[in-house]
Amino acid sequence: MTSAGDGTTGRYLVLLEDDWSQATRELSRVAGIRAVDSAEAGLADPLWEADGLVLRELGVALVSADADQVTALTTAAGEPGPISLVEPERYVRALTASAPQATTEVDESTFTWGLQAVGAPNSTATGAGIRVAVLDTGLDLAHPEFSGRTIESKSFVQGQEVQDGHGHGTHCVGTSCGPREPGDGPGYGVAYEADIVAGKVLSNEGSGADGGILSGISWAMNSGCQVISMSLGAAAQPGQAYSRTFERVAARALEQGTLIVAAAGNESERPGVIAPVGHPANCPSILAVAAVDAAGRVAPFSCGTVDDIGAVDLAGPGVDVYSSWPMPLRHKRISGTSMATPHVAGVAALISQATGATGHELWARLARTARRLPLLSTDIGAGLVQAP
Amino acid sequence: MARVIVSVAADRIADLPTVVDALRRAGLTVAEVLDGAGVVTGEASGEVIAALAKVPGVADVETERDVRLPPPDSPVQ
Numbered sequence: 001m002t003s004a005g006d007g008t009t010g011r012y013l014v015l016l017e018d019d020w021s022q023a024t025r026e027l028s029r030v031a032g033i034r035a036v037d038s039a040e041a042g043l044a045d046p047l048w049e050a051d052g053l054v055l056r057e058l059g060v061a062l063v064s065a066d067a068d069q070v071t072a073l074t075t076a077a078g079e080p081g082p083i084s085l086v087e088p089e090r091y092v093r094a095l096t097a098s099a100p101q102a103t104t105e106v107d108e109s110t111f112t113w114g115l116q117a118v119g120a121p122n123s124t125a126t127g128a129g130i131r132v133a134v135l136d137t138g139l140d141l142a143h144p145e146f147s148g149r150t151i152e153s154k155s156f157v158q159g160q161e162v163q164d165g166h167g168h169g170t171h172c173v174g175t176s177c178g179p180r181e182p183g184d185g186p187g188y189g190v191a192y193e194a195d196i197v198a199g200k201v202l203s204n205e206g207s208g209a210d211g212g213i214l215s216g217i218s219w220a221m222n223s224g225c226q227v228i229s230m231s232l233g234a235a236a237q238p239g240q241a242y243s244r245t246f247e248r249v250a251a252r253a254l255e256q257g258t259l260i261v262a263a264a265g266n267e268s269e270r271p272g273v274i275a276p277v278g279h280p281a282n283c284p285s286i287l288a289v290a291a292v293d294a295a296g297r298v299a300p301f302s303c304g305t306v307d308d309i310g311a312v313d314l315a316g317p318g319v320d321v322y323s324s325w326p327m328p329l330r331h332k333r334i335s336g337t338s339m340a341t342p343h344v345a346g347v348a349a350l351i352s353q354a355t356g357a358t359g360h361e362l363w364a365r366l367a368r369t370a371r372r373l374p375l376l377s378t379d380i381g382a383g384l385v386q387a388p
Numbered sequence: 001m002a003r004v005i006v007s008v009a010a011d012r013i014a015d016l017p018t019v020v021d022a023l024r025r026a027g028l029t030v031a032e033v034l035d036g037a038g039v040v041t042g043e044a045s046g047e048v049i050a051a052l053a054k055v056p057g058v059a060d061v062e063t064e065r066d067v068r069l070p071p072p073d074s075p076v077q
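Taken in order, these protein sequences are the chains called D and Y.
Count the first sequence with my numbering and you get residues 1 to 388, in order.
Count the second sequence with my numbering and you get residues 1 to 77, in order.
Next comes chain D alone, as it looks inside the complex (with noise of 0.2 angstroms):
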């Protein structure tokens, strides 16, 4: 038999459609292939000797074709009939555990290793019509990476305008929603076109409390956003419950199509000690982000699961990140689950936009796609979010 020396054996496989039971005839009359039907071979006949074989249990053949044959079957699959989709056969073999990639060494020159970590830029989402609420410290509305964009802010605090006096919440706006293109440095914005909803929540001293944070969920959740990204949080001791009251809303607001990332926390020091995620991403119906490095290991300060509730859900980048800071500063690169949680919140505005998902559906897309890294599901969750 013939390897085609990239993998592939040099068989085909021809998905048949629903209605194949005339597969067999079929492939005799398009490409003058001998194929037998699993159905009607017993096992002990040599299948080989056939040109190819009908499984008929899975809707595909399994065919020798020389290149003529292939031309007949790609047409065949193109027009009505039972032929649906024809691709090579490849080899197969048992995996192995790849070495751990030791360097961290990433070409930032023209979007971060956050960005190409999750693929946002092979990605041909944009967040365009998505709306993302990033509650925190407000936004520096006068930063000049943000003109031109749609933004929508609120305080929260009392006293203070949305203007951000502290800086992580214009870091993690640019990291959700901020530039690819900023036109000085590399871009590191994930949703670049998502409309920004900017809530104050945290002063610009960098506190809060469960009522403001509160009031910021449920403006978001009026003002119809599909994500709110909340890079805020209390630590939790071992065995502490969850807000049973954030747990309600944040149900609540998946069921109306909202959905609530929060950073998992900060409060781990690994290897050694490994705290459980704080409040309130500790809640079920609230997404905890952990944090990962650009060498894919998860971040010493991430916190982990500890409990049989409040899980770490899912990972972002979360180390040396570069985002937007206050003017005159303008950029900076920080490092924590902050910084990892508007990756996620991104990369699900992304996912919306290109499916039309929202709330259950949304969270089980990001899941779903997410790649697994070889870690443990207790730091990482199902792993390190990917861009559509």
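No lab work stands behind these hints, which were simulated from the structure alone.
Just to be clear, a hint being listed does not mean it is correct.
Below, a list of computed lysine to aspartate or glutamate pairs in the DMTMM-like style, where the Cα atoms sit at most 25 angstroms apart [said to hold, decoys possible]:
#  : chain 1 : residue 1 : chain 2 : residue 2
1  : Y       : LYS54     : D       : GLU247
2  : D       : LYS332    : D       : ASP320
3  : D       : LYS332    : D       : ASP293
4  : D       : LYS154    : Y       : GLU43
5  : D       : LYS154    : Y       : ASP35
6  : D       : LYS332    : D       : GLU267
7  : Y       : LYS54     : Y       : GLU64
8  : Y       : LYS54     : Y       : ASP35
9  : D       : LYS332    : D       : GLU193
10 : D       : LYS154    : Y       : GLU64
11 : D       : LYS154    : Y       : GLU32
12 : D       : LYS332    : D       : GLU105
13 : D       : LYS154    : Y       : ASP66
14 : D       : LYS154    : D       : GLU193
15 : Y       : LYS54     : Y       : GLU43
16 : D       : LYS332    : Y       : ASP73
17 : D       : LYS154    : D       : GLU247
18 : D       : LYS332    : D       : GLU152
19 : Y       : LYS54     : Y       : ASP21
20 : D       : LYS332    : D       : GLU269
21 : D       : LYS332    : D       : GLU108
Position chain Y relative to chain D; hints supplied.
The following block gives chain Y in isolation, referenced to the frame of chain D:
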């Protein structure tokens, strides 16, 4: 007085004003009514907090927690 967050049962959110009135009568100093989230925030003393939990339509009463970010110059946020 403690700051509290009161969540309202899903089937009573449509009738939020009635629940809020009952919370006021039970002694809650209402700060905000968050209709989107189905939450009422405010202040109450210890004895009042116990009474709030018994108000029809109330799902849970919790005392408010504080959150705090590290200072802006911290490398880990």
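These are the hints, each one checked on the structure:
1. Y:LYS54 x D:GLU247: The given pair, whose Cα atoms are some 20 angstroms apart, holds under the 25 angstroms limit.
2. D:LYS332 x D:ASP320: holds, 9 angstroms
3. D:LYS332 x D:ASP293: holds, 17 angstroms
4. D:LYS154 x Y:GLU43: holds, 23 angstroms
5. D:LYS154 x Y:ASP35: holds, 17 angstroms
6. D:LYS332 x D:GLU267: holds, 22 angstroms
7. Y:LYS54 x Y:GLU64: holds, 19 angstroms
8. Y:LYS54 x Y:ASP35: holds, 20 angstroms
9. D:LYS332 x D:GLU193: holds, 22 angstroms
10. D:LYS154 x Y:GLU64: At roughly 21 angstroms apart (the allowed maximum being 25 angstroms), Y:GLU64 and D:LYS154 satisfy the hint.
11. D:LYS154 x Y:GLU32: Cα-Cα ~15 angstroms, so holds.
12. D:LYS332 x D:GLU105: holds, 19 angstroms
13. D:LYS154 x Y:ASP66: holds, 20 angstroms
14. D:LYS154 x D:GLU193: holds, 20 angstroms
15. Y:LYS54 x Y:GLU43: holds, 16 angstroms
16. D:LYS332 x Y:ASP73: holds, 10 angstroms
17. D:LYS154 x D:GLU247: Holds, at about 24 angstroms.
18. D:LYS332 x D:GLU152: holds, 24 angstroms
19. Y:LYS54 x Y:ASP21: holds, 14 angstroms
20. D:LYS332 x D:GLU269: holds, 24 angstroms
21. D:LYS332 x D:GLU108: Answer holds: D:LYS332 to D:GLU108 is near 14 angstroms, not above 25 angstroms.
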